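Undergrad: So for the sequence shown, this note's numbering puts the first residue at 94; every next one is plus one.
Hints are computed from structural coordinates only; laboratory data are not their basis. Careful, some of the hints might be misleading.
Unchecked claim - Here are the simulated distance ranges between beta carbons: (1) LEU702 / THR940: 20 to 30 Å; (2) GLY557 / THR475: 29 to 39 Å; (3) ILE197 / LEU989: 33 to 43 Å; (4) GLN283 / GLY846: 54 to 64 Å; (5) ALA935 / LEU189: 22 to 32 Å; (6) ASN165 / ILE122: 55 to 65 Å; (7) PRO954 / VAL890: 18 to 28 Å; (8) ALA726 / ILE197: 38 to 48 Å; (9) GLY557 / ARG588: 26 to 36 Å; (10) THR938 / ALA174: 31 to 41 Å; (11) ALA650 / ALA361: 55 to 65 Å; (12) LEU702 / LEU189: 34 to 44 Å.
Predicted, not measured: the structure shown is a model, and the values here were computed from it. Think of the CB as a built atom: it goes at the ideal place given N, C-alpha and C, for glycine as much as any other residue.
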Amino acid sequence: MGSLQPQTRSTTDTHSQPWYRKSAEQVMIELQTSVTGLAPEEAEARLQRLGPNALPAKACDPIWLRFLRQFNNVLIYILLAAAVATALMGHWTDTLVIITVAVINAAIGFFQENKAEKSLAALRGMLSSTARVVRGGQKLEIDASQLVPGDIVVLRPGDKVPADVRLYEVHNLQLEESMLTGESLTVGKQSEALDHDAQLADRSNLAFSGTSVSAGNAKGVVIETGTATELGKINRMIAAVDEIETPLLRQIAQLGRRIFQLIAGMMAVLFIVGFFWHDFALGELSLSLISLAVASVPEGLPAIVSIILSLGVQRMANNKAIIRKLPTVETLGAMTVICSDKTGTLTMNEMTVKHVLIANTFYGVGGESYEPRGRITLAGATEAVDFAVHANLQAFIRAVDICNDSSLQCDEQGRWTVVGAPTEGALKVLARKADLAPVQVQRFGKIPFDSAYKYMARRCDVDGQRLIYLKGAPDVLLSMCEQQLGSNGPQPLDRAYWEREMSHIAEHGLRMLAAAYRPVSDAGTEISHADVRQGMIFLGVAGLMDPPRPEAIEAIAMCKQAGIQVKMITGDHPDTAVAIARMLGMGNDLRAMTGQELEQADDVALKSLAMQHSVFARTSPEHKLRLVRALQANGQVVGMTGDGVNDAPALKQADVGIAMGIKGTEVTKEAADMVLTDDNFSTITNAVREGRRVYDNLKKTVLFILPSNMAQGLLIVMAILVGAVVPLSPLQILWMNMATSTTLSFALAFEPGEPGMMRRLPRKAGESILNFYAVWRVLFVGGLLTAAAFLLESWMVADGQDTNHIRSMILHTLVTAQWAYLFNCRLQDQFSLNMALLRNGALLTVTLGLILLQCLIFYMPFMQTAFHTVPLSFGNWMVALGIGVLVFFAVELEKLVVRRWKARHSA
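Start from the sequences and build out the full structure, keeping to the hints where you can.
TA: See the structure below:
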């Protein structure tokens, strides 16, 4: 056997046709193999040259690198710089406390992300573990990773296809390809070369790695292995997609940069003023500037952001959604478009009979999926039919049940599954729903289904009556029948009736399957095609569909209400996709844009078309990826749902990739940001609600933390400008920031969602977390706190109080005023003391915690020594509380004025 040339590895070689356009003989010549397979030595040589039939394992960063990545924050850089400066000055206590704060921040982010990854246990196995091959004329079973191009493989029912294969011998082969192509039905395969270019779903002579054999047998020659397979191409596409930075990360990073620039500028100016104008000693001035840096940096912000996001992660996990990365929680709240795969996501991925058409009568079939529960009723009625009255319906159901090779099973969890083709399984479910009286059946010869003639037939004996049953495509069976079964027995076939009624069924996107029968007089057991081409009596037609998930209809309606567009992207037929979209409530005037039309559009045209269409059919993985990018080019925050491998690249590209946990493949889960453990589309709307609540609480937290930092910074700036003693030491400032940020702001994480949250439009992705009003609020409250502290200091200095007492009182007053301001932040523009206050028990918890911390710093001797504080009297506590109450009512008055101004402006 000669050596395999490298160029035969690629199906996209410009010098040769694709594999599916070549005959089986051409393929074997090109791959230098035959039906007896490769010689073992040649197979080993090719394996050494081309590598194993496996996808590369996902690289994982070491734990220490993932931990260090948590320090990649400009706010943490400022803290670390302050720690270095205090160490150089010999203030080791300050250094230790500052570094401890930075490490705590990093630990919170690290452990939360690590916990999310562990909850999504990695289970690889997209490739088959073993393969049946022919090598040197001998049939062997080998590890699938040892396959090479040129190997001859044997496929049987239940097998997972181990590599990309060009089929050359096919016997009624049906493959389940939805995980790769999005096609909801099993796909029939054949061995002849195609004479035209075909999309992935239409390459009927190829079997693709990772797909499953539902029925039939086949032999084929391996044409691609490992990363060269269609599955491998998708894997490479995933690796080529860059990580998307979330809106929250962009905003927090931008806020950090602005604070850094402001601090750097202020420190430069104040150094010049303090050193050259007021003649501050270098050591004293340096300590004051470090105090300014520590005061102005909201060092608790990264920690509280992580805490709020991690609480959101836990709430979502309790509601069947696993979040892999913390910022995804917030991004969900900004989502403007959800691009959803159809099969298995919006639909059940389980064929179901919805209608049965017999002569002059139309029936509806209730129930969803494979669970054999649901009524069979006359069209428009609610009561189940009496089969004694509807004998011709009973005859149809009996026929599709007996002329059927599938079976229905229930697992230990109570989930019903089908062994065999999904379409045949749906007919078995129909028979179970009908619950007909049992009959004695003897099955004899059969003609298996084949796409060449599009029917299946079986000869049998039913309660002693010899019959031939026929099941297949309606147009084929109509041409083979001259009679139909009516309510009073056989009657002439009314072909116009059947064609008219079937066109109505087709308009609803249903697939159709017909049945016929005829009695036979002889006692034979064999059956041939000649036996079914004369004297057949048409029984009826079943309308089947992969039904929409009931909860998906409600979820899409809620998405519309929340200003979120839903777009269906599927590999299925355009008519079926549009029909399902209408049932889901996506609109009535819909037209599917096909993958072929999408390929013909350049990126500029696609940017417009992506916004105009809601349904995209016959799409490939490349199409889905282009669509997500086109929507992002329009400024949309895109969520992409899916369960198949074909969805993975688009999931990774999307701002929020959402994978199905039950039916989703592991490749899809690894590419996703969120995994739905119940495969329930409505879980996404719950996640959006949680995302909006989380973002609101993050914004409230920022508006809570920044005024305190501003007040502390202004006090230090004013002290340096007038040449006075800095009113707070670096450690006192750090204590105040951590006490208020990490303790008090923790309560805001538990605030319930505000009324009307899901009726407002998504916020703009580029909108700053600090808009004009937020900046005003920070300036207003920061000014209030600064004025209160400055007036208090002036009064105490005039009263002759010592420096440590003044600093202790200012520290306690600012903490108390910040506690009062916490209640203002509960609602953004409404009065804060409402009944919802009682729903947030964390407010009482943090209040008690804050009192305990303040008692520690003022009354424990070792804390007094470390932080240079003195005990405060009861009267001091009451003064601080009085100032806090004044701050609360001043902010509520400001909210009232702004609320009335907005109302007048809107009017």
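Undergrad: Now look at each hint and say whether the structure bears it out.
TA: To see whether the hints hold, each was checked on the structure:
1. The supplied range of 20 to 30 Å is broken by LEU702 and THR940, whose beta-carbon atoms lie about 56 Å from each other.
2. Hint check: GLY557 to THR475, Cβ distance near 37 Å, so the stated range 29 to 39 Å holds.
3. A beta carbon spacing of about 38 Å between ILE197 and LEU989 agrees with the range 33 to 43 Å that was offered as a hint.
4. One distance hint, 54 to 64 Å for the beta-carbon pair GLN283 and GLY846, holds here, with the actual separation near 56 Å.
5. The supplied range of 22 to 32 Å is met by ALA935 and LEU189, whose beta-carbon atoms lie about 30 Å from each other.
6. Look at ASN165 against ILE122: about 56 Å separates their beta carbons, and that is inside 55 to 65 Å.
7. Our hint of 18 to 28 Å for PRO954 and VAL890 holds, since their Cβ atoms are close to 26 Å apart.
8. Checked against the given bound of 38 to 48 Å, the beta carbons of ALA726 and ILE197, roughly 40 Å apart, stay inside it.
9. At roughly 33 Å, the beta-carbon separation of GLY557 and ARG588 lies within the given 26 to 36 Å, and the hint holds.
10. Taking the beta carbon of each, THR938 and ALA174 are about 34 Å apart, inside 31 to 41 Å as hinted.
11. In this structure the supplied range 55 to 65 Å holds for ALA650 paired with ALA361, their Cβ-Cβ distance being about 56 Å.
12. Taken as a hint, the range 34 to 44 Å is violated for the pair LEU702 and LEU189, whose Cβ atoms sit roughly 60 Å apart.
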